[in-house]
Amino acid sequence: MRMKERVISLSILVFAMVYLAGSISLSVGTLDKPGPGFVPAGVAIGLLVVAGINVYKAFRASAEPTEQDSWLKVAPIGIAIILFVYPIMLRPLNFIIATFVVLFALLRLLKFKSLVVSLLTALFTTFFSFYLFSNVLGVVLPSGFIEDIILRL
Amino acid sequence: MDVIQQLMMGFATAATPENLLYALAGAFIGTIVGVLPGIGPLGSMAILLSFTLNMDATTAMIFFAGIYYGSMYGGSTTSILLNIPGEAASVVTCLDGYEMAKKGRAGAALTISALGSFVAGTLSIIGLMFAAASLADTALKFGPPEFFAIGLVGLLILVRLSGGSLSKNMVMVLLGLAVSTIGTDKLMGLERFTFGISDLGQGVEFLPVAMGLFGIAEVMLTADEKEESGEAIKIRMRDLLPTGRELKRSAGPIFRGSILGFLIGLLPGPSPVISTFVSYLTEKKLSKNPDEFGKGAVEGVAGPEAANNASVGGAYVPLMALGVPFTPAMAVVVGALMLHGITPGPTLIAERPELFWGVIASMYIGNLMLLVLNLPLVQVFVKITTIPKQILLPLIVLLCLVGVYSVNSSYVDLFVLAIFGVIGYLLRGVGYEPAPLVLALVIGPMMETALRQALMTSEGKIGDLIFRPISGTLYALAILAFIIPPVIKRIRGNKNQNSGTSV
Chain E
1 MRMKERVISL
11 SILVFAMVYL
21 AGSISLSVGT
31 LDKPGPGFVP
41 AGVAIGLLVV
51 AGINVYKAFR
61 ASAEPTEQDS
71 WLKVAPIGIA
81 IILFVYPIML
91 RPLNFIIATF
101 VVLFALLRLL
111 KFKSLVVSLL
121 TALFTTFFSF
131 YLFSNVLGVV
141 LPSGFIEDII
151 LRL
Chain Y
1001 MDVIQQLMMG
1011 FATAATPENL
1021 LYALAGAFIG
1031 TIVGVLPGIG
1041 PLGSMAILLS
1051 FTLNMDATTA
1061 MIFFAGIYYG
1071 SMYGGSTTSI
1081 LLNIPGEAAS
1091 VVTCLDGYEM
1101 AKKGRAGAAL
1111 TISALGSFVA
1121 GTLSIIGLMF
1131 AAASLADTAL
1141 KFGPPEFFAI
1151 GLVGLLILVR
1161 LSGGSLSKNM
1171 VMVLLGLAVS
1181 TIGTDKLMGL
1191 ERFTFGISDL
1201 GQGVEFLPVA
1211 MGLFGIAEVM
1221 LTADEKEESG
1231 EAIKIRMRDL
1241 LPTGRELKRS
1251 AGPIFRGSIL
1261 GFLIGLLPGP
1271 SPVISTFVSY
1281 LTEKKLSKNP
1291 DEFGKGAVEG
1301 VAGPEAANNA
1311 SVGGAYVPLM
1321 ALGVPFTPAM
1331 AVVVGALMLH
1341 GITPGPTLIA
1351 ERPELFWGVI
1361 ASMYIGNLML
1371 LVLNLPLVQV
1381 FVKITTIPKQ
1391 ILLPLIVLLC
1401 LVGVYSVNSS
1411 YVDLFVLAIF
1421 GVIGYLLRGV
1431 GYEPAPLVLA
1441 LVIGPMMETA
1451 LRQALMTSEG
1461 KIGDLIFRPI
1471 SGTLYALAIL
1481 AFIIPPVIKR
1491 IRGNKNQNSG
1501 TSV
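Protein sequence lines correspond, in order, to chains E and Y. Letter 124 of the first sequence, counting from 1, is numbered 124 in my numbering, and no numbers are missing. So the mapping is simple: my numbering equals the position in the second sequence, first residue as 1, plus 1000.
Hints are supplied without guarantee of correctness; some may be wrong.
Claimed, not checked - One-sided excerpt, in silico: chain Y residues whose CB lies under 8 angstroms from chain E:
id	residue
1	Asn1054
2	Met1055
3	Ser1409
Stated by the list, open to error - Below, simulated EDC-like cross-link-like pairs (lysine to aspartate or glutamate); rule was C-alpha separation at most 16 angstroms, straight line:
id	chain 1	residue 1	chain 2	residue 2
4	Y	Lys1295	Y	Glu1246
5	Y	Lys1103	Y	Glu1225
6	Y	Lys1288	Y	Glu1246
7	Y	Lys1103	Y	Glu1246
8	Y	Lys1389	Y	Asp1224
9	E	Lys111	Y	Asp1224
10	E	Lys111	Y	Glu1225
11	Y	Lys1102	Y	Glu1292
12	E	Lys73	Y	Asp1224
13	E	Lys73	Y	Glu1225
14	E	Lys33	Y	Glu1292
15	Y	Lys1389	Y	Glu1225
16	Y	Lys1461	E	Asp32
In short, the hints are calculated from the structure, not lab data. Beta carbons are placed, not taken as given, at the ideal position from N, Cα and C, and that holds for glycine.
Please work from the sequences and hints to get the whole structure.
Okay, structure coming up:
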């Protein structure tokens, strides 16, 4: 926990520095004519100070490693990867295929029953959700020929 | 038009078949959300936000109000029958509710909880009716300095009330404000921190941030946990009736819980949760038998359950009267209003009376629906908790993805969802609360515009922003909120030390 806390508080401090640099590069203006960088600069200075306090607190505490210190947890990392891959897949593959892949991957990641059951569950959920969102709730989803066939049914 | 006439108009709006159906659907979904640990009213409202696009604005508000107070009802069911709080606001109910259930009084505990919620809900709606309308009248006189003061003081109180570390809460507020500065500057038209991504020109959308921090982060955290399951206590319909003594003992706590809940609901932060703790401690202090608390005291169920429902009405006051959301769930309500082209603010009640009074009237109807819905269907709701997380988590992810995409059909929003999901997972893991970030993101643009306008009008004189009747009072309250708790803590510490040395 301590190591995680140190890394995270340091990351916030670095973000504050970068954000401050970005804010100053905008026009900060004066008190009577505040520019677009006025509020960002104020926020960045505040963030720098408070993040600094958190870094100090995190480094002052003892750094005994605990079980929670591990960053390598399969399920959360897997879910994160799936979330970043989904928008990349969605444009070329459209809703049905991209969603099926994501659901199947999530079910396997969470160790849901057997391979075949996961496959069927992902397939059913994908088709059902497309019908529900597209036909019943009127959501416009990325569509290709598979989606068009379903919509015509 | 007087209040009664306006309320009648509200009932006419709420009683259309479509609005009644959505009030029932909202209450039902809210109850399920309250029963299921993890999603919460915010997550579910955020997921369903895009689907309200096809509804009329009033219908969407009625639907969301149903989800919000339905979740407060639902949370108590699993607390009493399984000792698993579906909602953070139901944690306190576990203490005495489950103990009552173990003694064979589960039915009575559920009925008292439902009755308490109903009475509190109704009383808080009366409070909302009068408080929001009069506050909105006053707020019409507010200028940029007052709106900046409300935003700043609201965020400062939120930092104090969100629990955990003050400096961590402050970091989250500042991060939220930083994210709110991304996009085109409203006063000068200059792009800020967009890195050439055109989708970011309008700023970072609230929805993917909220769903990432709450929904996706929760999925990632839950995926790592062991599945919790409790033995559900079975109840029969005839067991639902509380005894006369139980009802008599509950009356006072329900009334006090309603008042406390409504007042705490007016404050920024996790008001439903805080109100339950305050109500529980108040009842324990007032009780002639404080030893019974934690062993199945009916007051320990009645007070907190009334308080968390009443806080919902309170939370609507700043939103309806000032257009400022003080809880993340209310921020979603703002999002829904804005999707329908309505900017909440002091003029909302005057310009859209059918919306305000329709929602108020639907709350009365919805509370009655929940009372009728919840008691006979208790066992059905308990069954829902047995859905394995391997099914539930992928479904939540799917709802988040579709929910976010459907608002703007934007791939960038999906990346924002993923980024804030990961950020939420990492930050929540080391004790950073996401609520201050979300609220700062929503209030940030209003605060920035108000501050810059106020500074330009006053020609840079900061004193003109502070030394005004309303702003000055608000700043003084904020300072007191920060100074008083540590002073009391120090005095108590000294007292304990002195009594320790004297012994």
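Going through the hints against the structure:
{"no.": "1", "hint": "Asn1054", "result": "holds, 5 angstroms"}
{"no.": "2", "hint": "Met1055", "result": "violated, 10 angstroms"}
{"no.": "3", "hint": "Ser1409", "result": "holds, 6 angstroms"}
{"no.": "4", "hint": "Y:Lys1295 to Y:Glu1246", "result": "holds, 15 angstroms"}
{"no.": "5", "hint": "Y:Lys1103 to Y:Glu1225", "result": "violated, 31 angstroms"}
{"no.": "6", "hint": "Y:Lys1288 to Y:Glu1246", "result": "holds, 15 angstroms"}
{"no.": "7", "hint": "Y:Lys1103 to Y:Glu1246", "result": "holds, 14 angstroms"}
{"no.": "8", "hint": "Y:Lys1389 to Y:Asp1224", "result": "holds, 11 angstroms"}
{"no.": "9", "hint": "E:Lys111 to Y:Asp1224", "result": "holds, 12 angstroms"}
{"no.": "10", "hint": "E:Lys111 to Y:Glu1225", "result": "holds, 13 angstroms"}
{"no.": "11", "hint": "Y:Lys1102 to Y:Glu1292", "result": "holds, 14 angstroms"}
{"no.": "12", "hint": "E:Lys73 to Y:Asp1224", "result": "holds, 8 angstroms"}
{"no.": "13", "hint": "E:Lys73 to Y:Glu1225", "result": "holds, 11 angstroms"}
{"no.": "14", "hint": "E:Lys33 to Y:Glu1292", "result": "violated, 63 angstroms"}
{"no.": "15", "hint": "Y:Lys1389 to Y:Glu1225", "result": "holds, 10 angstroms"}
{"no.": "16", "hint": "Y:Lys1461 to E:Asp32", "result": "holds, 8 angstroms"}
Comparing the model with each earlier hint shows violations of hints 2, 5 and 14; every other hint is respected.
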